[in-house]
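Visitor: These protein sequence lines are chains C and D, in that order. The opening position of the first sequence corresponds to residue 1 in the working numbering, with each subsequent residue numbered one higher. The opening position of the second sequence corresponds to residue 534 in the working numbering, with each subsequent residue numbered one higher.
A hint or two may mislead.
[Stated by the list, open to error] As a list, the in silico DMTMM-like pairs of lysine to aspartate or glutamate whose alpha-carbon atoms are at most 25 Å apart:
1. C:Lys-113 to D:Asp-1058
2. D:Lys-991 to D:Glu-881
3. D:Lys-706 to C:Glu-234
4. C:Lys-360 to D:Glu-767
5. D:Lys-893 to C:Asp-119
6. C:Lys-489 to D:Asp-1002
7. C:Lys-75 to D:Asp-1030
8. C:Lys-80 to C:Glu-521
9. C:Lys-489 to C:Glu-521
10. C:Lys-345 to D:Glu-881
11. D:Lys-878 to C:Glu-178
12. D:Lys-1023 to C:Glu-195
13. C:Lys-109 to C:Asp-19
14. D:Lys-706 to C:Glu-178
15. D:Lys-990 to D:Asp-1002
16. D:Lys-1022 to C:Glu-68
17. C:Lys-173 to D:Glu-881
[Unchecked claim] Here's a subset of chain D near chain C, in silico, CB distances under 7 Å, partners left out:
18. Arg-698
19. Ser-877
20. Ala-946
[Unchecked claim] Chain C is nowhere near these chain D residues, computed Cβ spacing over 12 Å in every case:
21. Ala-567
22. Glu-612
23. Lys-613
24. Glu-749
25. Lys-885
26. Val-914
27. Phe-922
What the hints contain is simulated information worked out from the structure, not anything from laboratory work. Because the structure is a prediction, the values reported are computed rather than measured. Backbone N, C-alpha and C fix where the C-beta goes; we use that ideal spot for every residue, glycine too.
Protein chains: 2
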Amino acid sequence: MKNIPNTQLDENMLKYLTDNFGEKNVSVSNTDRAAYSRDLWPLSTIWMLHENRMPYPPDAIVWAENEEQIAKLLKLANEKKFPIIAYGAGSGVCGGTLPLYGGVILDIKKMDKIVEINDKSLTVRVQTGIIGQHLEHELNHKGYTMGHFPSSIYCSTVGGYLAARSAGQLSTKYGKIEDMVLSLRVVLADGTIVETTSTPRSATGPNFTQLFVGSEGTLGIITEAVLKIYPLPESRIFRGVLFKDIASGIEAIRRIMRSGVTPAAVRLYDELDTILVGAKKEESVEAPIQYEPEEEKEDLVKKVTHKIFDGLQNILLGMPGVAGKLAESLHGKCLLIITFEGDSKLTETELKIALEECAKAGGEDKGEEPGRRWWENRYNVSYNMSKVFWRGSFTDTIDVAATWDKIEPLYHAVRKAVSPYGLIMAHFSHAYIHGCSIYFTVISRGRSEEDAAKRYKKIWDAALAVCADFGATVSHHHGIGLSKAQWLKKELGGLMDVYRSLKQVLDPNNILNPGKMGLTEEEIDIAALTSKK
Amino acid sequence: MKNIPNTQLDENMLKYLTDNFGEKNVSVSNTDRAAYSRDLWPLSTIWMLHENRMPYPPDAIVWAENEEQIAKLLKLANEKKFPIIAYGAGSGVCGGTLPLYGGVILDIKKMDKIVEINDKSLTVRVQTGIIGQHLEHELNHKGYTMGHFPSSIYCSTVGGYLAARSAGQLSTKYGKIEDMVLSLRVVLADGTIVETTSTPRSATGPNFTQLFVGSEGTLGIITEAVLKIYPLPESRIFRGVLFKDIASGIEAIRRIMRSGVTPAAVRLYDELDTILVGAKKEESVEAPIQYEPEEEKEDLVKKVTHKIFDGLQNILLGMPGVAGKLAESLHGKCLLIITFEGDSKLTETELKIALEECAKAGGEDKGEEPGRRWWENRYNVSYNMSKVFWRGSFTDTIDVAATWDKIEPLYHAVRKAVSPYGLIMAHFSHAYIHGCSIYFTVISRGRSEEDAAKRYKKIWDAALAVCADFGATVSHHHGIGLSKAQWLKKELGGLMDVYRSLKQVLDPNNILNPGKMGLTEEEIDIAALTSKK
């Protein structure tokens, strides 16, 4: 394990940790410290893959088994002033768990009990360390679903969902994590344990559940939650509809949502993303490339472009079932996937209404196959992203959202702004009656680790500057973490001071996940983090 | 104007107010001060009607025309340390706007502009002083609805909805006010103006919109909001279904919600409330009375009971269209009203599914008439409540909520606890998949103003103690104000300290609506308020 700084933990502290958590639940090994030094933030992957560097390891990792241990730990951390970083399964993509200032990683995956399933109220009380898929699996066994299907479901926890304000692929029907939660138990920085009332709704002052949801470990440690569950759907129906361009596809989604039906998912792929979803492997090279690199020489461009498509092909490799079936008919068109689930009488009526709206927007009904294929492969893309990195390139996804009036111009403006620095494509998902999210995928590479880091930052700055201009949000569901902290400040404006005041009173010693969410005085330049250590 | 304390406003302050707001927008007249000394909190009505007392008048009232005036006012209030109480239309029923410590009432009804209706995004930007019905009326003209129909719609403002966490009669379809709002503009205590991002959703830290929603004027003054709107429904269908008892009616609602349909409204009346909704005037006297008064002598009981029914009859007088039509068939049964609205194909399918669920729970379909009658008379009860007071009695409504597993036992327990102090009936509404609210109506009276105040407090204490035991919320949609402040403390537990900390940093001089929401150190005994002044 090279290039990893030594732990700063002294013997007394180590003894305290082992006394509190038990020896098996404390580690200062360099292997563990390396593993917990990063999440799935692409920049930290660049550090590791380019030069095998893990510049921000924690001093120790502890695995909590109950909230009393957490309360004790926080009390000590306040006394000794060391950072505590709550950690679920590390699937975050914004560097939210990076121990920028060292400290202790508090892993809660051992707190993974399903405390109670309430059949009458359709609720489940869980400890937040449970992996999403494990919970879903157990619920399915009893005839229920949580309806929360982030593509990270196999490697993410309920605590992570709540802390980072997650949204799953069927969010249009089942809501986002903030809609799914009835109540929370939270250990505050001073060790106090609080619980919000478990009721479908109340008019009892500010919503404190929604204060902790999305706080990304900066205001408290979420240890338990009462979540909504639903009967497994009686029917699930799919459809693919093809549109001549992105504008008509967007118009179709807007019309569908406005009609009053509730799809489980609506996803519209732009021309390039449609090809990637549907193309045969060998055809992907002929894709209409937007990539206009600056700086590099022409032969390098070719090399890089080939490298990129090498990576793209690897993504496609992860979706063998999808590839090859639709390519011919899809070139230059945009595919809309729509699914409904629930009572079969209801879903049939809803699909009928939705298809009428699609037809009004010029859509061509392609039957259920494209939709079913998406469903069967819905998690694959995320788990094949890493192959792009192995080929020396990097990729990231930019999840923004806005109201309908802004969606199409926002899409074009972000593409235009980012194109000089990488290949960019997008799909539109998480539809609402009032707008939707745009999920951009960008693939690029740098000539060195530092060059890649600079280019990475340029991509984000270009994209999010456009969002700021449009009054769009800089994150629909990936959260803020470290990577978007400066942009959060811009988005919140004067509310950033409210957040800082809140942080100051709830965590006066700044022990909870310091350096994140723009709460620090100093500006943290994410590109500079690469060269610093 | 007797029994009204003098204004404490000095000449300098008055000059400042008139300079800032203009002479026509400032009043220190006793008539205005009396009018603004109370809202629709029944205890303050008791004070006024029994002895024509208005013990808590403001020192002045100002009518703001823009947020810059508000910002200036708050800066001065911080300097001079006087209370500012934001005021919409005064329809609150919890004493939330009572100027307990004097100060300035900040009426925002002149800030009533519809700034923009966005047809594409289905949003409306409004100043928060607009009356709910005025906004709805304008929207209807353009083919839209906000879908927010509190029974106070004619005498309440958007600002009041947001500040006090309102829910309308069609909340099951259109959501509650927190679901309807995309963004807010807020003037903070120090005069800073902040605005949250107007996006359907974001993962950008804690939800600051939801921090101000429900804060009842204690954390900031909400001046503008972007709200969701919807196309006017193509169809609206109604149904009444009769159940043999409350248990089977509750079971029907639970089944309907679980089936995946989305009613606009579901309302189940208990036996007594069913009679009141449906009975002929002369039959109401024969209602199965639960009233078991303690303390009074038997002849007084008769007198009081007659008085009460005098009041009840007056309520019924307000619903002439409802009375008399259903009485025969309804005795001892419970009426469920259900409505759907939207695309006619969808609503027909949904009604079919809902009626199947009702049949499974033993319901007897009574056709569309009971539902339509409810719709046509849906606001009448509230506006006839005051007649009860004119007869020397008092009435109040207790709006609690819980998950389905608790609903029926909670209903019986609250009824049992309150029955010694008044006549109590209830309906179940605002249904969710996971639970619903219970809306109790209590009618009682005291032998004097002080006796009535004591009895009033006993009723609330009895009801809310039961809620606390059950882990139900003490308010589904009426808010907290002054009357439930002590119970909010119990419900929030350790989170009350979080709220207090928040108040401390956002409003260090406690100028914003002081003495409310349990934020004061001192315990305010609402019954003692009656005898104090």
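Visitor: Of the hints given before, which are not true for this structure?
Guide: 1, 2, 6, 11, 19, 20, 24, 25
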